[in-house]
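Peer 1: For reference, the chains in residue letters:
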Amino acid sequence: MTEIDDETLSRFLAGDLDPATEDRVAAAVEDDPAVAARLEEMVALVEGLGALPLDALDDADVAAALDVPPPRERARFVTGALVAAVAVVVVWFGVWAPRPDPVVTVGFGHHAVDGTAALAVGDVRVRVDGKAAIAVEPKRALRRGQGAQEAPMAMRDGLMGAAVGALVTVAVSEGRAWIDAPGAAGQVVQAGDEASARTTLSPPDGVAASPQPVRVVHLPAGKDSDAGGEAPTAAALREENASLRDALRRAELEASVARSQLETVTGRPSDWPDDLPEAWTAEATRARLDALATDVPGLEVAELDCSEYPCIAVFQVPLAGDPEADRAVMDRIHEQGAPADDVGAMTMASKVEDDDGGAAGITMVTAWMPEGGSIADPVHVRTRSRLDMLGAAWAPEPPEGAVAGD
Amino acid sequence: MGTVLRKARVEVHLSVPAPVEDPMLQRAIAGDRAAREALVREHGPSVRGLCRRLDPEPDDAWQEAWARIFATLHRLDPAHPQGAGGWIRTVTHRLLVDRHRRRRTRGRVLSFPDADGVSPSGLRVLEARDQVRQLEGALALLPDGWRRVVVLHHVHGVALEAIAQQENIAVGTVKSRLHRARARLVTALRAAGEDR
Numbered sequence: 001m002t003e004i005d006d007e008t009l010s011r012f013l014a015g016d017l018d019p020a021t022e023d024r025v026a027a028a029v030e031d032d033p034a035v036a037a038r039l040e041e042m043v044a045l046v047e048g049l050g051a052l053p054l055d056a057l058d059d060a061d062v063a064a065a066l067d068v069p070p071p072r073e074r075a076r077f078v079t080g081a082l083v084a085a086v087a088v089v090v091v092w093f094g095v096w097a098p099r100p101d102p103v104v105t106v107g108f109g110h111h112a113v114d115g116t117a118a119l120a121v122g123d124v125r126v127r128v129d130g131k132a133a134i135a136v137e138p139k140r141a142l143r144r145g146q147g148a149q150e151a152p153m154a155m156r157d158g159l160m161g162a163a164v165g166a167l168v169t170v171a172v173s174e175g176r177a178w179i180d181a182p183g184a185a186g187q188v189v190q191a192g193d194e195a196s197a198r199t200t201l202s203p204p205d206g207v208a209a210s211p212q213p214v215r216v217v218h219l220p221a222g223k224d225s226d227a228g229g230e231a232p233t234a235a236a237l238r239e240e241n242a243s244l245r246d247a248l249r250r251a252e253l254e255a256s257v258a259r260s261q262l263e264t265v266t267g268r269p270s271d272w273p274d275d276l277p278e279a280w281t282a283e284a285t286r287a288r289l290d291a292l293a294t295d296v297p298g299l300e301v302a303e304l305d306c307s308e309y310p311c312i313a314v315f316q317v318p319l320a321g322d323p324e325a326d327r328a329v330m331d332r333i334h335e336q337g338a339p340a341d342d343v344g345a346m347t348m349a350s351k352v353e354d355d356d357g358g359a360a361g362i363t364m365v366t367a368w369m370p371e372g373g374s375i376a377d378p379v380h381v382r383t384r385s386r387l388d389m390l391g392a393a394w395a396p397e398p399p400e401g402a403v404a405g406d
Numbered sequence: 001m002g003t004v005l006r007k008a009r010v011e012v013h014l015s016v017p018a019p020v021e022d023p024m025l026q027r028a029i030a031g032d033r034a035a036r037e038a039l040v041r042e043h044g045p046s047v048r049g050l051c052r053r054l055d056p057e058p059d060d061a062w063q064e065a066w067a068r069i070f071a072t073l074h075r076l077d078p079a080h081p082q083g084a085g086g087w088i089r090t091v092t093h094r095l096l097v098d099r100h101r102r103r104r105t106r107g108r109v110l111s112f113p114d115a116d117g118v119s120p121s122g123l124r125v126l127e128a129r130d131q132v133r134q135l136e137g138a139l140a141l142l143p144d145g146w147r148r149v150v151v152l153h154h155v156h157g158v159a160l161e162a163i164a165q166q167e168n169i170a171v172g173t174v175k176s177r178l179h180r181a182r183a184r185l186v187t188a189l190r191a192a193g194e195d196r
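Chains A and B are the protein sequences, given in the same order.
Just so we're aligned, residue 1 is where the first sequence starts under the numbering used here, counting upward by one.
Just so we're aligned, residue 1 is where the second sequence starts under the numbering used here, counting upward by one.
These are calculated hints, taken from the structure and not from any lab test.
Ideal Cβ placement from N, Cα and C applies to all residues, glycine included.
One or more of the hints may lead you astray.
Said to hold, decoys possible - FRET-style restraints, in silico, Cβ to Cβ: (1) Q82(B) with A376(A): 20 to 26 Å; (2) A192(B) with E371(A): 47 to 53 Å; (3) E47(A) with E161(B): 19 to 25 Å; (4) L141(B) with P277(A): 41 to 47 Å; (5) H74(B) with E335(A): 46 to 52 Å; (6) A393(A) with A140(B): 18 to 24 Å; (7) D32(B) with A34(A): 56 to 62 Å; (8) G193(B) with A376(A): 53 to 59 Å; (9) R75(B) with A287(A): 28 to 34 Å; (10) G137(B) with H334(A): 35 to 41 Å; (11) G31(B) with P277(A): 40 to 46 Å; (12) D77(B) with P19(A): 53 to 59 Å; (13) P19(A) with P23(B): 48 to 54 Å.
Chain B with its partners taken away, still in its complex shape (with noise of 0.2 Å):
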């Protein structure tokens, strides 16, 4: 077992990025600032969503982020399943998980956004804008591990498999999160329907 996983390292150390053909991205990775800001127009909503859902410091960790993407974006993967936006969370996932670590106390995040942007398929769901705030506080009180997983998996997209490999966790744990992590966010919603 060991030896195999130790292989599987060599592997990914030796992995080679394809060239990044995107003339906005190499405009970016040369430090156009325009083209940066391009970027960072494009991905900064799933950015700083990131940030304000899983760091106590938002600002910080958005500021944070944005450095470290930048200063590694020559190393970005234009083959990452979810393009260049992928790659971007995955750094982002990465930084907030050592912010987590380095921290080492449980921060929470009760800033809540205007629920304006509400997607028209999301209107079906979340009818009102109090519905959105109270799924937010739902998730704002989750332990931050879980939380990290379901942001991720449903408001991000990304992939249990993704998430346990950035997280460094087995498969199993992360789905453990994401079911316990559910069943209390709908327990919660449920409260919060009765009080109504």
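Same shape as in the complex, but just chain A (with noise of 0.2 Å):
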């Protein structure tokens, strides 16, 4: 007699099973009576399962539920600092931001924009769509002469060590700022609109006696001669923005190399082909996926990224112990998953052990990829180090007490 394992035994239970199979495991059933233990076992099981506990609460189990924030202020609180961190290195490096950042808090320093952000410093926001430079120095550091202009401006607590006042430079050299800031709302600086950054430079009416915190640099080279008696201090300006835009460049430059080593292991992500026949699509591939986990007893898919093209699946795969009947298994997989007849399969697989050592199943993260190519290609490429990272997350636990390498 055929062995009837307890996932048969199961699925006799829920009514899960073909009418053959069915009507087997009934006359095992009724035969064998080791056969009706495990039934029996696997009655009080499910039984015993649902008459768990529920879990019993105390005060501070409601208190917790009760006083803890809202998602979003506690969002804003856990991942403030996170994105104020990540905002600071995008500045710091010029990397490209593809869209408004939240409002990053600045202090004393050299600070360069490239793309889009949106700066704090003290009551002072500024937000730069381009390329700008954003110095913040502390009143007594100034070694210029200070103009109306350049009156400091008190800080608000927290701005790093600022506690004698501040003065904030802003040199837009592409693109435009957004400037707020007490006695200069509003203002809006465009590069190479020497226009605008004499505006934005004036006190406003009524203000002229007001500190004014902002000074905006405009940053056209070699133009002093029309400064007048600010010559000097448009002089050294232009010298420290240059020195800021060397630093910028250097950092693009950085960031670049960064950026290509990253691509070289990783690939770029690949865009969906747009005459992509319809079974290649994610929709047609969690359909036929399905079917496959359906056919094949015991398979799950276990994840679907269709995030980039191409799909990749990931299989956990029971093993029969048969060597021909686990071939079978798997070359089923690859066949029946696959969008077409011409085509090939990237295949990472990892064994899954019993507690005993032995092969329980295969974990198979799998790619259908188009016959012909090179495993040159970008999308080859991409796809080796999609099949990498999901291959990595879904392999299974080390036994307790592994050593890497064992």
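Fit the two chains together into the complex; they arrive one by one in their own frames, and the hints show the way.
Peer 2: Okay, here's the thing in structure tokens:
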């Protein structure tokens, strides 16, 4: 008599077997007391699961549930520091930001923005879309003469070491910057537009005596003759800005090299081809693999990643212990899961061991690729990298106490 | 096939839940602390059990679950097949799946409750505390995806179709996980019985 395993008994109990198998199991339960006893154990398990106790709550649990901040505040609190840290890196290294960032609070120092970013310096908000250098200097550090536009601002607590006031300098070399500050709200500075710089620098009506915390530097090079009495300051600022731009260029170069190195290893995300046959789409792939999982007993589609072309599936495949039968199952996965006949498959597999160290199953990470092409093609490089990442994510945990390399 | 799926999604988005008529729920939606406390005390044991069995950081999951429940309480569907409790379990389930996906590491929950709360009917099967502990221990050693299916279906009575929808997998996959998990559990309990 063919052995009836516990999974089959579980399916029998749930009525999830085809009629032929169900008849076979029913006969076995009737004829074989051992099978009947195992079925009883399965019934007891199901009843036992249903009888597990609910958790008791104490007052601390209730208080914890009621007093937690709502998700938005919580997320803002938890991620605020992370976002700020990441955004500051973005600012410093000149990596293109595809959309406006959250406001990044910056302190003393020089900040180069390339792309779109919003910075907060005390009461001053600076949003940049283009390239700009923002310098925040303590008042006492200024060596240059201070004109009306360079008066210090009182800084809020939290600005690094800013107990004595600071001066904010915004220099826009490309694009534009929007500045909101006490006495200079809503100012727009356009690179290459001398008038906009002058407008921003002029104290607004009625607040001529107020501190003017923002200094905007217009960057067209080699034009200090029109600055009149301000020429020495303008020259110094141009020199400072040139230095900042050099730093920005170096940072851009470093970031570019780092990106290139990363892309060499991981490839770049592959676009979905415009003329992709229906069978390759995410919907069709999911439907095909669901059908496959239904057809192959015990097969599980653990994950389907269609975030990029091509889709990659993670299968958890039980092994019967018979190499030929197991090989047939894997061949069936490759063939039935394929979107067409003339395709190849890239697969990464790892063995799942049972408690005794035997092979209980295999985790297969598989991508189907059109035949042809080179393994050096970007889509192949990228797909291999995705396979590696998914394979690592789904790799079975090493046994307790195991050491890498065992 | 693709067209049908897209249509189904649109219908889901356009469906508007009926207004909540339960006064206590209305007050909870409005932010009344006493009403929310009553909600926690009524449905908390179920939420707590899900968090304990399905998340390696149950205290954190518990807080995040209630934060999400209260934040989305205005969208509570009174027509949920299992009432407010079912809706709360659905929100908790979604959260736990989100946390699992974010985590990407396989955690296990190895804290066990006191077994004093076993129901009388359960006592017929689970006659002693150590049997509860054995079952909880065997559950804790299941793969995360399997354990979610078993706990949601058997402990909390969630339909397999609903689990498949929340997990975004086929019902066949849910059944596969369920039966494989039950087979593994019964094997583990059998071995534990032989050791006694």
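Peer 1: Please flag the earlier hints that this structure goes against, numbers listed from lowest up.
Peer 2: 1, 11, 12
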